[in-house]
Amino acid sequence: MTKLKEHKPSKMEALKAMTPADRRRAIFDGIMNNAMFIIIALVIIYVAIKNPRFLSVPSLVNIISLTAAKLPIALGVGGCIILAGTDISAGRQVGLAACISAGLQLTTNKLFPGLQVMPIPVVLLCVLVACALVGLVNGFFMAKFKLHPFIVTLSTQLIVYGLVLLFMQLGTNGGQTLSGMSEGYRNFIIKPLFTLKTSSGPVTVPRYVLYSAIITTLVWVIWNKTAFGKNMYAVGSNEEAANVSGVNVSKTIILVFVMAGMLYGITGFMDAARIASVNATTGLNYEADAIAACVIGGISFVGGIGKVSGAIIGVLLLQIIFAGLNFLSVDANYLYIVKGLIILIACSIDMRKYLVRK
Amino acid sequence: MDKNNETVLLRMEGITKEFPGVKALDGVNLTVRAGTVHALMGENGAGKSTLMKCLFGVYSKDAGHIYLEGQEVNFKNSKEALEHGVAMVHQELNQALKRNVMDNMWLGRFPMTGPFTSEKKMYDATMEVFNDLGINVNPKTIMSTMPVSQRQMVEIAKAVSFNSKVIVFDEPTSSLTETEVEHLFKIINMLRDRGCGIIYISHKMAEIKRISDDITVMRDGQWVATRPAAELEMGDIIKLMVGRELTNQFPPKTNVPGETYLKVEHLTGMYNQLKDVSFEAKRGEVLGLAGLDSSGRTEVLESIFGIRTRKEGTITLDGKPCKNRNSGESIKNGFALLTEERRATGIFGVRNIRENTVISSLNRHKKFGPFLSSKSQVEDTQYYIDAMRTKTPSQETQIRSLSGGNQQKVIIGRWLLTEPEVLLLDEPTRGIDVGAKYEIYQLILNLANEGKTVLMVSSEMPELLGVCDRILVMSGGRLAGEVDAKNTTQEEIMTLAAKYV
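From first to last, the protein sequence lines are chains A and B. So the first sequence is numbered by the numbering used here: it starts at 1 and just counts up by one. So the second sequence is numbered by the numbering used here: it starts at 1001 and just counts up by one.
No lab work stands behind these hints, which were simulated from the structure alone. C-beta atoms are modelled at their ideal positions from N, C-alpha and C, and glycine is treated no differently. Among the hints, a few may not be true.
Now the stretches of chain A that chain B is said to cover, found in silico as 3 or more residues with beta-carbon under 8 Å [what the hints assert, rightly or not]:
no., stretch
1, 74 to 82
2, 240 to 250
Sample of chain B residues facing chain A (criterion: CB under 8 Å; computed from the structure) [stated by the list, open to error]:
no., residue
3, Val1129
4, Lys1311
5, Ala1344
6, Gly1346
7, Ile1347
8, Gly1349
9, Val1350
10, Glu1355
Cross-link-like lysine-lysine pairs, in silico, DSBU-like; alpha carbons within 30 Å at most [unchecked claim]:
no., chain 1, residue 1, chain 2, residue 2
11, B, Lys1098, A, Lys144
12, B, Lys1323, A, Lys251
13, B, Lys1079, B, Lys1140
14, B, Lys1391, A, Lys16
15, B, Lys1332, B, Lys1263
16, A, Lys251, B, Lys1367
17, B, Lys1140, A, Lys16
Work out the full structure: start from the sequences and follow the hints.
In structure tokens:
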């Protein structure tokens, strides 16, 4: 994002001095580098014309709430991408967290018959520990055996899914969907933070928007204001150089994945209460949305590049597109095709920047 | 082909290339006669590689003409240039490392038998070129198993195999040993005798004087002079290149070595050929490490710094044993290592100058618990930008957009911020232009004057003789001997370097 800002003024000045051929190329480059934003702007305009309710307050609050719900997982995956890696176990970890959260908060518990509703801090701690452990496994195999992140997280994705399925078989549940969570837990997450009065009635902003904002701030501080954050960017941009420069590369990789795990945990913890019904497929394909959001927001697969603001913009734009398609009454099945195309296009545009420079 | 020396093979006239805000080339001329070696010289950033990129169509020139044997040409890419007999041996090798030598030679133009590639034809054709050039490499060797120098030879053979009339060598000797340089020169002389025109880009003065017929000097994107090599002395060339007189290549030596400070005993590598290396270094001393490529010079530094596993060996600093098991520990113990390959193990290319500067000394900035102060990071970075006179638009500039010399200054700044007592410098001036080299020599001597111990590896012997107090000579992973820099000769060092080969 800043890169664009830095280059723009000099480009404008230089544009006039160029030959027509160079000018055409410069303009084309400018369009290509911002293609994702241009496409999204066009989508917004198109949808708003077709269905003006798209830009109404309830719709916008809905988009912001969904963005808040998806932001922690995107930030987790973002850290992995900055390391020049990826994490395809993210969605299953969210599922694990959601199942644990729900399982410990049922009013009539079939998983653990006779278990009282647990205090919320205990539940959160269980979820964070469980997902941090998965992250630890991910990071450990990457750091110590230099395995490709894709291979490691593919394995843990399968393992975590298996664990979730087994978890859902506990007690007399027999793999059934979990619903009927305690009021306290649901309120903790979705109770209105404040209510906006609009012409079409009151619109509430749920509490988890605040939680998400706090977490995002925390991640921003960690990425930008701690040695660990600096080391993460360093390892992502040049692992060898980081090793020579006194960075503990293994520790950095492991910590990034542990932190990612905890962020997935929080996502799952919020999602269980938000959706109110959880089963083994909860979280399926969440990593696809998260990865798409990151690449739209300029967190590059080249490694070492990416900002928290990028992740926020990415998630927001993605939710705008989904909401827009919804307003156009597009068949939900098309969403997958759209997501796939977005990842493909966003990555191509991103890589193009680096190809040109050679 | 005409062997008349006056036949002009390649003529570039008034080549101009502008980038937004910068005039990279301004009416540059270059005329290469058949059967001659034409050296192209200039500091980093003078426009040598931009000129070559215009020739090969990597950049489109804004103005000017290129004539090949009298015909105007305008190549769109290097493939087209190759087809017209213009080839380039790149400084940085682009090879398919996991494939073998002959695959790399014939990539993109495999000899065929019917619809199938023919291994036999490929082998024979490769051997023919190798025999012709006197290269002793098995065409079936996998690229990645060969040393860089041999890979470079393959690259040269590939350029020759196109029956090229004009061949550009871009810093071909930067990773070659003395004997390999001799071999390369033999090949170049042979090509010259066949009537090829050679464009030779290098920073090494002695080589240029030996090999070239004509010299063209560029400065700041402009053509400065083209003269017969015989008419120019080394001093003249430097003067033309920097636009001012460099009276001395090396600053005066003012450091006085004190008492013994660093002791290295029985250093032996676990996974490399390093064997039983022991030496001592004093406070305020610049200790050189000479030797051929892969003689273990780099391994000595990296083993001391703990990024190579030691099988045996102790390191004692000021009487205290140092374990140095990893870079973090070594930094705490007061060591710093400037690595040889700046791109691969030095810079964080996509990150900015500030982050590249502070990465090894983040603890200095922990002003509020675990949180880093931005202000102190900015101050530290600015201090070293000023102190080293690093040329950069801002602290937020990506380091990869700086020139090699400026990148090196940033990395040296990074290490000085760790407040080291012992500096391990591996080829500190590689790929850096004359002016910046002088500054780095001065810096090394200043550090010695402050009482720091400097260990310096270099392939350029004049540099070692000019800057060091003593020189250790490595050979075949062992310490072959030690010489006093004031009373030794290059011959003595070379003899020692060949001791265990």
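A quick look at each hint next to the structure:
Against chain B, the stretch 74 to 82 of chain A contributes 0 residues with a C-beta closer than 8 Å to a partner C-beta. That does not satisfy the three-residue criterion, and the hint is violated. Under the rule that three or more residues need a Cβ within less than 8 Å of chain B, the assignment of the stretch 240 to 250 of chain A holds, with 9 such residues. Interface restraint check: Val1129/B against chain A, minimum CB-CB distance 29 Å, threshold 8 Å, status violated. A hinted interface residue such as Lys1311/B counts as satisfied when its beta carbon comes closer than 8 Å to some beta carbon of chain A; here the least separation is about 20 Å, so the hint is violated.
Interface hint status for Ala1344/B: upheld, as the beta-carbon distance to the closest one in chain A is roughly 6 Å, under 8 Å. At a threshold of 8 Å, the smallest CB-CB gap from Gly1346/B to chain A is about 6 Å, leaving the interface hint in force. Restraint check, Ile1347/B versus chain A: the minimum CB separation of about 6 Å is within 8 Å; hint holds. The beta carbon of Gly1349/B comes within 6 Å of a beta carbon in chain A, closer than 8 Å, and the hint placing it at the interface holds.
For the restraint placing Val1350/B at the interface with chain A, the shortest Cβ-Cβ distance is roughly 5 Å, inside the 8 Å limit, so the hint holds. With its C-beta approaching chain A no nearer than about 6 Å, Glu1355/B sits inside the 8 Å limit, and its interface hint holds. This hinted pair checks out: Lys1098/B and Lys144/A have alpha carbons roughly 24 Å apart, not beyond 30 Å. At roughly 20 Å between alpha-carbon atoms, Lys1323/B and Lys251/A fall within 30 Å of each other, so this suggested pair holds.
A threshold of 30 Å between alpha carbons decides the hint, and for Lys1079/B with Lys1140/B the separation of about 25 Å falls inside it, so the pair holds. A hinted pair counts as satisfied when its Cα atoms are at most 30 Å apart, and Lys1391/B with Lys16/A qualifies at roughly 28 Å. Between the alpha carbons of Lys1332/B and Lys1263/B the distance comes to roughly 17 Å, so the proposed pair stays at or under 30 Å and holds. Between the alpha carbons of Lys251/A and Lys1367/B the distance comes to roughly 23 Å, so the proposed pair stays at or under 30 Å and holds.
Straight-line distance between C-alpha atoms of Lys1140/B and Lys16/A comes to about 54 Å, which puts the hinted pair past the 30 Å bound.
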